Amino acid sequence: MTLSYAAHTAIILDFETTGLSPNMGDRAIEIGAVKIEQGQVVDHFQGLMNPGFRVSSFIESYTGITNNMLATAPNCETVMTEFADFIQGYNLIAHNASFDQRFLDAELDRINRRYSGSFCCSMLVARRLYPHATNHKLGTLVHQLALENDGTFHRALADAKMTASLWCHMLDTIEDQYQLSSVPFSVMQKISKTTKASVPSYLQKLKA
DNA sequence: TGCCAGGCCCTCTTTAGGGCCTT
1 MTLSYAAHTA
11 IILDFETTGL
21 SPNMGDRAIE
31 IGAVKIEQGQ
41 VVDHFQGLMN
51 PGFRVSSFIE
61 SYTGITNNML
71 ATAPNCETVM
81 TEFADFIQGY
91 NLIAHNASFD
101 QRFLDAELDR
111 INRRYSGSFC
121 CSMLVARRLY
131 PHATNHKLGT
141 LVHQLALEND
151 GTFHRALADA
161 KMTASLWCHM
171 LDTIEDQYQL
181 SSVPFSVMQK
191 ISKTTKASVP
201 SYLQKLKA
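Each residue of the first sequence is one higher than the one before, counting from 1 in full-length UniProt numbering.
Just so you know, these hints were derived from the structure itself, not from any lab.
Every value quoted in this text rests on a predicted model; they were computed, and no experiment measured them.
Check the hints yourself; a few may be wrong.
What the hints assert, rightly or not - Derived Cβ-Cβ restraints for the label pairs, each shown as a range:
# : residue 1 : residue 2 : range
1 : Tyr62     : Glu175    : 33 to 39 angstroms
2 : Ser181    : Ser201    : 16 to 22 angstroms
3 : Asp85     : Ser201    : 37 to 43 angstroms
To be verified - When the alpha-carbon atoms are kept at most 16 angstroms apart in a straight line, the in silico EDC-like pairs for lysine to aspartate or glutamate are as follows:
# : residue 1 : residue 2
4 : Lys35     : Glu82
5 : Lys207    : Glu175
6 : Lys205    : Glu175
7 : Lys207    : Asp172
8 : Lys207    : Asp176
9 : Lys35     : Asp85
Note that the Cβ used here is the ideal one computed from N, Cα and C, for glycine as well.
Please construct the entire structure, taking both the sequences and the accompanying hints into account.
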């Protein structure tokens with residue numbers, strides 16, 4: 001499958017995990033993702049997964065995912081095999097993508113699977129588009145931009161849905177502000193890695 | 001032994017330090 005050129009077609013994903021670092025033994029406990037095509041949500045994926053050990057009370061409290069819920073969940077390998085199929089052929093987006101990419105890479109390494117898309121970070125783009133936001137946490141941006149949400153935070157599918165809303169809002173912002181008809185995924189990646197000061201001039205050049 | 005993330009980004013910077021963001 002050929003990767004889409006446009007930023008409006010991608011998969012937005014979010015992991016809940018046992019901690020911050022797969023290199024320190026942390027594992028995924030939930031994956032949530034939404035697939036957008038031409039800016040419309042066309043599919044989603046959600047799965048709890050049993051990491052093989054008890055999660056801390058902090059994680060239970062932070063995510064609302066309890067050890068009882070995980071006791072009956074399939075293992076990480078089973079869920080991640082299905083997820084590897086789901087993401088094939090799509091570019092990938094996450095809020096603070098370096099975190100989710102580390103866990104995706106670590107979990108897929110365990111089942112010897114790879115993905116064909118490339119990542120873009122919604123947080124890095126938001127920092128450049130909305131430099132005056134109070135902060136660039138997902139919840140803060142959702143609130144300040146008045147994006148649709150159901151009040152659920154720190155669950156994988158809910159966070160993926162909110163990140164998708166943020167992503168589409170940022171595309172609208174760019175297209176309106178610079179009168180662009182369609183923003184390539186590669187342009188969003190470029191924005192995420194560009195200094196704040198040079199973003200306007202970069203987009204002006206695209207407009208020209 | 002004791003400690004333990006990691007990448008981005010700003011600034012009192014680049015021979016560094018600390019805050020932000022993710023769980």
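How the hints compare with the structure:
A hinted range of 33 to 39 angstroms holds for the C-beta pair tyrosine 62 and glutamate 175, which are about 36 angstroms apart. In this structure the supplied range 16 to 22 angstroms holds for serine 181 paired with serine 201, their Cβ-Cβ distance being about 20 angstroms. Checked against the hint of 37 to 43 angstroms, the pair aspartate 85 and serine 201 passes, with Cβ atoms roughly 41 angstroms apart. A hinted pair counts as satisfied when its Cα atoms are at most 16 angstroms apart, and lysine 35 with glutamate 82 qualifies at roughly 15 angstroms.
About 9 angstroms separates the Cα atoms of lysine 207 and glutamate 175, which keeps this hinted pair within 16 angstroms; it holds. Proposed proximity of lysine 205 and glutamate 175 is supported: the alpha carbons are some 13 angstroms apart, at most 16 angstroms. Taking the CA atoms of lysine 207 and aspartate 172, the gap is near 14 angstroms; set against the 16 angstroms cutoff, the hint holds. Proximity of lysine 207 to aspartate 176 is assessed by CA-CA distance (about 11 angstroms); at most 16 angstroms being required, the pair is judged to hold.
Taking the CA atoms of lysine 35 and aspartate 85, the gap is near 13 angstroms; set against the 16 angstroms cutoff, the hint holds.
In summary, the structure agrees with every hint in the numbered list given earlier.
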